[in-house]
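K.L.:
Sequence:
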Amino acid sequence: MPISILVSLMVALSVVLVIVFVNRSWAGYRSRFTSDAKVSLEDMFLFIDPQRLFFVNIGAVLVAPALVILLTGAVPLAVLSAVAIFVLPRMAYGYLKRRREAKLIDQMPDALNMMAGSLRSGASLALAMDLVAEETAPPFSQELSLVLREQKLGVSLEDAFESFSKRVNLEEVNLLASAVTISKDVGGNLSEVLERLATTLRAKAAMEGKIRALTSQGKLQGIVVGSLPLFLTFVLFQMEPEAMAPLFTTYYGWGVMAAVSVLLILGGVFIKKIVSIDV
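Just add 90 to wherever you are in the sequence shown, counting from 1, and you've got our numbering.
Please note that a few of the clues may not be correct.
Distance condition first, Cα-Cα at most 25 Å in a straight line; then the derived PhoX-like pairs of lysine-lysine [unchecked claim]:
{"no.": "1", "residue 1": "K193", "residue 2": "K362"}
{"no.": "2", "residue 1": "K193", "residue 2": "K294"}
{"no.": "3", "residue 1": "K362", "residue 2": "K300"}
{"no.": "4", "residue 1": "K274", "residue 2": "K242"}
{"no.": "5", "residue 1": "K309", "residue 2": "K294"}
{"no.": "6", "residue 1": "K193", "residue 2": "K309"}
{"no.": "7", "residue 1": "K362", "residue 2": "K309"}
{"no.": "8", "residue 1": "K363", "residue 2": "K309"}
{"no.": "9", "residue 1": "K362", "residue 2": "K187"}
{"no.": "10", "residue 1": "K363", "residue 2": "K294"}
{"no.": "11", "residue 1": "K187", "residue 2": "K363"}
{"no.": "12", "residue 1": "K187", "residue 2": "K256"}
{"no.": "13", "residue 1": "K294", "residue 2": "K256"}
{"no.": "14", "residue 1": "K363", "residue 2": "K300"}
{"no.": "15", "residue 1": "K187", "residue 2": "K300"}
{"no.": "16", "residue 1": "K193", "residue 2": "K256"}
{"no.": "17", "residue 1": "K187", "residue 2": "K294"}
{"no.": "18", "residue 1": "K300", "residue 2": "K193"}
{"no.": "19", "residue 1": "K242", "residue 2": "K256"}
{"no.": "20", "residue 1": "K256", "residue 2": "K274"}
{"no.": "21", "residue 1": "K294", "residue 2": "K362"}
Label pairs and their in silico Cβ distance ranges [as the list claims (entries may be wrong)]:
{"no.": "22", "residue 1": "E224", "residue 2": "V325", "range": "47 to 57 Å"}
{"no.": "23", "residue 1": "L236", "residue 2": "L157", "range": "34 to 44 Å"}
{"no.": "24", "residue 1": "R239", "residue 2": "A348", "range": "48 to 58 Å"}
{"no.": "25", "residue 1": "L326", "residue 2": "L186", "range": "31 to 41 Å"}
{"no.": "26", "residue 1": "Y342", "residue 2": "I138", "range": "37 to 47 Å"}
None of these hints come from the bench; they were simulated from the model. By construction, the Cβ of each residue, glycine as well, lies at the ideal position given by its N, Cα and C atoms.
Please build the complete structure, drawing on both the sequences and the hints.
P.N.:
Next up, the structure:
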């Protein structure tokens, strides 16, 4: 009897510890997810409730694997779908951020020329920035409006541009912040500096476009080679489901899938290293 009571107490203690651990892990993950999502979305001027996004993500992680198991009966595919949905918000944020940064870089030469023209016509820097913020489309207008708002709240222009460069973290924006800061500290013709910077950014964009065109074939080859095993697996599963069944229902089949996945990831990494050229 004492042994059974001791075992029962140990089991109860273990259950309590597991519940406490899961609760703390859940609270910590929820806090990190919502805080990171809030900062990331606000940086892109997307005002979405992070709590709602968190529950949508958790619901998708729970529902999608169950649907995969019901439709295919393959546990590894269910696990892969859960992992994919789990990391999907971070991947979506990265894609949206890269697209926003690319659009901002494309807008900068015209915006800088507009600002230089306003300065040459006799307008102050603040008035020129206000004009550019009104006439330019987002995202550059949003960032420039935020710089003006910070300046109106008492932040110096140099600090506002430095905050802009840290927030966006792009080489082009760093050059703009440095040009404005040096011009305010040392003096000089800021309109001429902005025009030269716009010309430099256009030349840089043209060079990057040529590089993207030259490396697009390598990227397409990487996509085709990476997608070919998945396509062949799907076709063979449709043609010979009994012969392909061990690949999804046995341990050695799961091992083969894991090995193929690792090789595909390594191949994608190597191809990306080859076709990625920094200007």
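K.L.:
Hint by hint, where does the structure go against what was stated? Just the numbers, ascending.
P.N.:
Those not satisfied: there are none.
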